[in-house]
Each structure stands twice: as structure tokens, then as C-alpha cells.
Amino acid sequence: MGSSYVPHAAGYVDNGGPKLVTSRFGYEDSHTLARFEATGGYVGLKAALAKRPADVHGEVREATLLGRGGAGFPAGVKWGFCPEGVWPRYLVVNGDESEPGTYKDRLLMERDPHQLIEGSLIACYALGLSQCFLYVRGEMALAQERIATALNEAYAAGYVGREILGSDFSVDIVLHWGAGAYIVGEETALIESLEGNRGMPRLKPPYFPAAIGLYGKPTIVNNVETLANLPWILEHGAAAYRRYGSESSPGTRMFAVSGHVKRPGVYEVEQGVTTFRDLFYGEDFCQGIREGHELKMFIPGGGSAPWFFEEHLDVPLEAADVGAAGSMLGSGAIIVMDDSTDAVKACHRLVRFFARESCGKCSPCREGTGWEEKILQRILDGHGRPSDIDLLLDVGDNISPGPYPVAAHTAEGLEVVPFPPRQTTICPLGPSSVAPIVSTIRRFRHEFEAKITRGDTIPVSAAPVTAGGAGS
Amino acid sequence: MTFFNSDNERLAREVISRYPRARSAAIPLLHLAQEQEGWVTPAAMVQIAELTGSTPAEVLGTASFYEMFKFHPVGKYVVNVCTNVSCQLLGGEELLEHAEASLGVRAGGTSQDGLFTLEDVECVAACTEAPCFTVNYRYFHRATTGSFDEVVADIRAGRSPIHHGAAGDDGELPEHGTLGRVRQHIPDDRRAGVEAPEDVVGAPLWLAADRAGEG
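Top line first, the protein sequences correspond to chains A and B.
Numbers in this note's numbering are just positions in the first sequence, counted from 1, shifted up by 104.
Numbers in this note's numbering are just positions in the second sequence, counted from 1, shifted up by 45.
FYI, nobody ran anything at the bench for these hints, they're computed from the structure.
Among these hints, one or two may not hold up.
[Said to hold, decoys possible] Straight-line Cα separation of at most 30 Å, DSBU-like style, residue types lysine-lysine; simulated pairs: (1) Lys478(A) / Lys115(B); (2) Lys449(A) / Lys308(A); (3) Lys150(A) / Lys182(A); (4) Lys182(A) / Lys308(A); (5) Lys123(A) / Lys150(A); (6) Lys465(A) / Lys121(B).
Values in this document were obtained by computation on a predicted structure and should not be read as measured data.
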């Protein structure tokens, strides 16, 4: 037991492509230090310690490692935002994966916790970060358990803590865990939560906690998958890394494909090379839409992303291309819906999520997401009014003004509005609730209309209610 | 105010010692309280406030933001059925209906025998393994009404249901409140050390040495 190379990670599918972060997923004991050391573990850390810290940073910058949490910002550039001469600096690992459809960081934490620890150590060494907090989503009990075990092993073996591997590099890694709040995935909310507060995003600027973060000190917040790439980059070098993927998005990404495909799963895929069509229909990937059905729509980057349709199947899995087509790759969550799907119902379910998870700090989101959910609910319940469609768009416009990013239906002659949206809120949660609404109304207005059987309307841009009117 | 038993109080102090500021330990300590009692009692919040240098109201303010913390007794087993979109597409809502009928409670309620609390929850990051439910935050993937009933029957019979297909998980299913069954422990001789941020002057040793070398 323990040594055979067969898939043991639930959902992970080996597609025969390069494995930069999932190389150990096939081993049943992939989470143990013994397996990790037997398969090249901590080699990247040793390679880093042999270099000057600034050169490690340079290597990561040169690799153009894009953040894997959603925004896709280059990690090497983000690292450079730490102000000179301000100490201490902290690392916060964002393992609060909660975006609807996203399932990759949990796998990385459950299946290969040492890889994440190694990546975190490399970042700390490069930037002089003197303490690391590994923030795991509260609900992920097995991930917490595996990381705690891995940290205990790593401390005992001299990989973490005082004078790591006999060098003058010392850093503690503290396992921290949340308690159920999607918004804590936003990096400033994560820091608030780590300070023991309600997890509400901080007012910007500063836009990056690298300037002012945890305890008011420079703080790097990186996603789990981003850090998991560092051991490979340090072991093999930036040039080797750039041989995978595309010029603007090198390397691989983990994509969780869920919904109505024959073989849903988590796939490590080269960026910019594979298209959505390859991913959904390829023999090595999802093997097509489930029997007897056809594709209706798909969400390319988690619940926050505008929806894609059949005409977007040939867009490559590459942040820039997906952005130009009016959506985003986000956190690598792809949700496929076939022709049996009720678009209004799916839209309502996503909007309900954002309404539930709104932290309540900004009025447009706190009030707006609630109203969006209520209006969609009444449409589903058969109490919708003809004006509700415009009302939904109007509420959305108050959260995200102007033309909302949209992957338009070319047959209708609509213009594609590229991502990202404008927002009247501190963070993108509110605008995210607008994505499914605009997507479904643009494409499936007739489905809304079919559910709206009442004839009465209320004006969308009503005149202010007078005292007499309010009292009646 | 004493809420924590002596073992947990020692653990609480150990957890606090890992953070530059005690208040950062609020959420881990709330979990510890929930592990001891099954829910977060007012007495627990008073002691957590004392331990972290804040007020009970501040602790409640933090705790009430997070949906995993319960402020009244719940079942020994908290069953979370995901109905977010990936699960909805493959029968998550039907699974929740079945769970309601099978346990005899509506989502949000606790069964009369005090064994189960049922919740309708948001995405739990098992989207490719939909539909999915968790019991005390241990995963059960690609669920059917049949597999749900087997898990419930196992728990009622006092057997651990973890073998029913949770992701590489095994062993005993702990009662509500316990998350990871292994705790982090930093040995004293391996600890790098924690300093209050205001006490730190200058770059850490390995960076300072490197920079000195540059000059």
C-alpha cells in the first residue's frame, strides 16, 4: 500500500499533460513527508537557499507566475510592492477557497501540503518575510488536519522554524483557519479576519496589503496554487517554466470542471494551449456533454464570471483571451450547463449565494444583492412582473455602473464589454452578483418572460415617494 | 471566568503564543470552545475576551460574522448539504429534500433526538464531485439518496461513516466542534520566535546579511 501510482485524489484526473503542481496526486501517501522527500520534495527550497534572496525574487518575476486566486496579478510584481525599510513583513497564504465551482486549493492542501509549505518558505526567504500564516477555509477539516501533520513533520525535520536546514533563515509557519465566510477570500478581509475581526474588506487605497497589511505592516497575500508553483520554478528555473503555457500566461493551471460533462474533474492544463472545446470534449479531458444533451452555457471562471456560450468554445484557456471575450478565468472554476438547465433558476442560485455572503459593509451590495435575490425568487415563484427584468438590470447598475462586462451573443449584434466591471463597492462581491443576471437576461430574456405571467408593472425609475405616498 | 477545562486552557495559551497579537487567536479559540462544548457559550466568549485582551462584545461581534459558530446547542452531527450551482445541476436540491424527509427536520433544524442538525449550505469546494454533503465537515462525494441514508444509518448505529467515500479520509468521525483531529505543535527548540510588530527593527537576519554583502 502507498506506493502505487493510481489516482487517489477525489476528482483529480491525470490528462497526460505536464504536472507542475499535481505530480504527487497519484500516490495514496502523497501528503506524507516520506513520499514528499522521495519525489523531489524540498529540492526547490534548497535551490532557493543557495541563491541570494533578491535572485529568488528575480527568478519568480522572470517566470511571470500569475496569481491563481482570481485576479491573475503577477506574483513577482506583487512581491515588489513591499516598501523598502519597513519591517517586519508577513506572508498570509490564502487557502479560503469558496468561489462557487472552485475545487483546486482544497486538493492541493489535502494531497500535497508539503509542496505548499515549501512554496511558502521560498516566498518568505525571497522577501524577508519573518512569519507566515497559512489561512485554511474553516470547513476544510481534512486539509487542516493534513497541514497540521505536515507542519509538525517539517518542524521536526528542520524544514520550518529556527535556522532552516542549518542556514540563518528562520521563519515560523502558523496554521490558522476560518469559520465560514466567502468574503474572507478577499485579501484585505482575510487580514481583518486574521486580526480577529469580522472579515470585512478594507477601504482602498492602499490597493495592495504589500504596502499596509497585517498589523499595519507589509504583507504578501498569495493563493495556495500560486505558492505551490514555486518549488518547481526554483528547482527547474524560470526559463524552463516559461516553456509551458503561453507567452503572457506561462505554466499550467488547475481547472475544476463541474456540471453536465461526462467526466467532471480537476485537470492541470497548460495555459493558452488548450481551448474550452478541448477541455469539454477531449478524450483526455471531460469527454463531452452528458448523453442525450447539448451544451447550453458555461461559466468560465467561477460564480463571479459572466457566462460563455457555444460561440466561445474555441477561446483558449488564457486570462487575456477570456478577458477580451468579456469574462474571466478567475479561480479556475468551470461550470458546464446543458440544455436541461433552467437559466433563471441557475442565475437565482448564484445570486442567492452573493446575497447570503455579502458582508454588509457597502450599501449598494448589502441592499442590492438582497433585492436581486428577492426579485428573482418572485419570478421563479410565478409572481414576477414584466418590469422585473429591467428592475434587475437597474439594481445591478447601482452596484456596477455602466455597461457590465458581457460575453455578448453575436447574433443579437451586442458589443462585447471586456472584463473587469466598474463598481460602487469596496470589493468585487457585489458586482459579481450582477454577472449571472446580465448574462442570463442578455441571452435568455425569453426564459424570464415565459415565467412572468402577471400583467401589472411598476415603473423602474420611480419618482421619489412622497410623504403622502409612503403613508398610504 | 473559567470556561475552558485545564487542558484546553493550556492549549489556548499555546495558540495565542503563536501570534504577534493575542486577538488574532480569536477564531481558533472560538473553534476550541465549540470543540469543548459543541457550541459557543456566553461563558466561552467571556473567557476568550480575557485571554485575547478584548471585550466579550467584541468577541461576539467577530464570532457572529462566521456561520460555523453556533450560539445555541446543535446536533452532535451537523449535516451540510450543498445546493450551490454545481451541486444544484446534479441534484443537490433533491438531496436536501431527501435529507429533510429522512431526518425529519427542515434545513436549519435539529432532529428530536439531538443527533442531527441539517443545513442548506453554499459551495463547499467539491464541485466536480457533485452532489456533495458533509457531516461535521468531513466530505461525502457524488452522493445519492441511498449513500446519504447509509451514512445516517452508520451514525445511528455508532459506526464511523467516513469510509463511504470521503476524499482519502479515514478513521473516526469526531462529534460537532472538532475539525482537524491533529493539532499543530511547535517545539520550543525549533521555534523561530514571535515578536510584536512594533518591536521589530530592521530586516531579518538572512536578508540583512545578504544586503551587507552587497555593500
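How the hints compare with the structure:
1. The straight-line distance between the Cα atoms of lysine 478(A) and lysine 115(B) is roughly 26 Å, inside the 30 Å bound, and the hint therefore holds.
2. Distance check on the hinted pair: lysine 449(A) and lysine 308(A) sit about 35 Å apart at the alpha-carbon level, beyond 30 Å; violated.
3. Proposed proximity of lysine 150(A) and lysine 182(A) is supported: the alpha carbons are some 24 Å apart, at most 30 Å.
4. Of the pairs offered as hints, the one joining lysine 182(A) and lysine 308(A) holds, with about 16 Å between alpha carbons and a cut-off of 30 Å not exceeded.
5. A C-alpha spacing of about 21 Å is found between lysine 123(A) and lysine 150(A), which places the hinted pair at or below 30 Å, so the restraint holds.
6. For the proposed pair lysine 465(A) and lysine 121(B), the alpha carbon gap of about 34 Å is over 30 Å, so the pair is violated.
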